[in-house]
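Colleague: Each chain is listed here by its residues.
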Amino acid sequence: MSSISLRTITKSFGDAMVLDGVDLDIKDGKFVTLVGPSGCGKSTLLRILAGLEATDAGTVTIGKRDVTQTRPSLRNLAMVFQSYALYPHLSVAQNMLTPLLMRDLTKTQRLPVIGPLISRAKRKALTAQVDAVAQTLKITELLTRKPGQLSGGQRQRVALGRAMVRNPVAFLMDEPLSNLDAALRVHMRSELTELHRRLKTTFVYVTHDQAEALTMSDRMAVMMGGKILQFGRPDDIYRDPNSLAVARFVGSPAINTLSSEIDEQGTLTVLGESMGRFSGLSQQSVVVGIRPEHLTLSKTGRFGGMVKHRENLGSDVFLHLVVDGHADVVVVRATPAHAPALAAQVRFTMSSDHLLIFGADGQRLRAEHTTSKVAV
Amino acid sequence: MGNQRAYLWCIGPALILMFLILLLPIFIAAGMSFTNYSLGNTSADFVGLENYEQIFTRSTYAKMFGATFRYVFLVVPMTVGLGLGAALLINSLTRFGEVYKTIYFLPVMSALIAMAIVWEFAFHPTIGIINATLERGCGTFLEGWTWYAKGCARTFPLWLTDRDYAIWTVSFIGIWQGFGFNMVLYLAGLTGIPRDLYHAAEMDGTQSAWDRFCLVTWPMLGPTTVFVVTISFIRSFQVFDTVEAFYPQGGGPSKSVYVMMFAIYEKAIQQNLMGIGAAITMVFLGFVMILTLIQRWLVERRTHYA
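Residue numbers (UniProt numbering), protein chains in the order written: chain C, 1 to 376; chain E, 1 to 306.
Check the hints yourself; a few may be wrong.
Output of the computed footprint for chain E on chain C, the stretches with three or more beta carbons under 8 Å from beta carbons of chain E [what the hints assert, rightly or not]:
1. 62-75
2. 84-97
Below, simulated EDC-like cross-link-like pairs (lysine to aspartate or glutamate); rule was C-alpha separation at most 16 Å, straight line [stated by the list, open to error]:
3. C/Lys200 with C/Asp28
4. C/Lys64 with C/Asp25
5. C/Lys107 with E/Asp211
6. C/Lys146 with E/Glu300
7. C/Lys227 with C/Asp25
8. C/Lys64 with C/Asp28
In case anyone wonders, no lab produced these hints; they're calculated from the structure. Glycine included, each C-beta is placed from N, C-alpha and C at the ideal position.
Working from the sequences, and respecting the hints, build out all of it.
Modeller: Below is the structure:
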């Protein structure tokens, strides 16, 4: 068992606080994604876990061992870099062999010229290991090439292969897909999840792309401003975000946020229409979040608006609606067959079960919906 | 239709200048090397390969090659090695790097002929700082070294005028003067190595600085090294100013510092033997050409990382 735990990790570069007391527990074998906008500290957190960056305060524990002061090469972690960081002067096979040579051969066995002569049997075994990994990743025919002769996707695989050849405690990946084109990125997502299922090793994956986080991970940690705002299953985070920032960051297109009011009886009014009473909420201004898929076009809907912009994704059409008398633009998901034209007047309904209510400070207000008054 | 020839106007000026300034003088020198031409003479006799025969048979020229190769094969490895060492050390500093860079680069910027005068004083057998310093070590443990004891008993070497030491002393000044230049080239090469490669090496399990050097730094400096070595070779073959400053007549004790450039100068300018001077120049050009071809070959073959 080698679970990883980070305790009160703090890091600042000069005056800039990058990580502010971050706690994170990663269970053995999980695929955990750190996701957040650029500059949120996710890469720094990963590098602290790897040991490439020192913490100002806090501890890193792998298994039962405190590795805070251990150098990266002794932590037995493997990392895939955004730039792949392949050794350009070595062939693919040699690149993948390097971590094995560094770990399994003695200093004299690594010497140039003499080294290969005195450690022939050992090297043969290591080369066999490389071949096996190359076969899993389907890069056998690339083994003799140099990284300069490979495409982006192939380099990515080689970087992955270099990480896989030894059996590390965890794979750390720092935006490994961000240099690939869109189609390949989607393809690699499923390959990485497949790989994780087969290897059953911990993956810690950093990305700024919430879609990658949602599609691939067992657990995701949404980071912003040097803090983990929420940690949980992708489903839960999408459905049940703790704060407005998380709700806005996760999901594409973004969640609709509508400034609304709660009166003294606890009645919520959204876009001028009452959405029923919520117990436990006092009179205040709130922000209501509702996902585009929870708004439905309906001829008899309570809300009306004019189509200002259409986003056609093929399978869905997202309509940007201007609601009379309100500043907020509302995005509604529609099926392409029934999508109205630009500038058309449409009506839609809002299901109050999916309303997410956030206070003025951006924190989620969890309230019981008492009178169900679903719009017709 | 005339536009098809437009390229001639673009490459023409460069082509003409290159021909006039570079190629034509080489052809003239090549032609001259087969004659006994002297400056001022209206005509010259064709002597065939006589000049070349002299270069490869006479003992003076054997000394010339000896001095040149001694100088080159000491100065090149030392300037490259020290340049790399200094660059690595400076690169590892977080502070004062600029100061060291300036200090090591100063000799490169200074006029070698002026520095030669300073070194001449420093190496002076009686008033020079070098031997004066060495004498202070007499009577200490240093005398356990037989060479040192001998120096104390009699005198320390006459660095510049002893034929056993002269070429090495001149080489030392060449190293002192040249390694700063290589250091700057290596520093530029070092900044071009992606930090990620070191991190990848660390994740792959390298623990010692030596492993890191072998796995990342040295291979990544390959293109720089090819360039630095070639440049150092050419610069060392060209050594002239120190020799001319120390030994204006005759190329040092027993011609032990009679390097090629000085030989060309002595024959062609001082003695007005243009033919033989041109012949030495052609041999010199041959060496430089061979080095350049090796460099081209290495650049295209091995050290090119796309």
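Colleague: If a hint holds in the structure, say so; if it doesn't, say that too.
Modeller: Hints, one by one, checked against the model:
For the segment 62-75 of chain C, the proposed coverage by chain E is satisfied: 4 residues have a C-beta within less than 8 Å of a C-beta in that chain, meeting the threshold of three. Proximity of the segment 84-97 of chain C to chain E, defined as three or more residues with a beta carbon under 8 Å from a beta carbon of that chain, is established by the 6 residues found. Using a Cα cut-off of 16 Å, the hinted pair C/Lys200 and C/Asp28 holds, with the two alpha carbons roughly 9 Å apart. A threshold of 16 Å between alpha carbons decides the hint, and for C/Lys64 with C/Asp25 the separation of about 13 Å falls inside it, so the pair holds.
A distance of roughly 9 Å separates the Cα atoms of C/Lys107 and E/Asp211; the hinted pair therefore holds under the 16 Å criterion. Using a Cα cut-off of 16 Å, the hinted pair C/Lys146 and E/Glu300 holds, with the two alpha carbons roughly 15 Å apart. Simply put, C/Lys227 and C/Asp25 have alpha-carbon atoms about 14 Å apart, close enough for the 16 Å limit, and the pair holds. With a CA separation close to 12 Å, the supplied pair C/Lys64 and C/Asp28 stays within the 16 Å bound.
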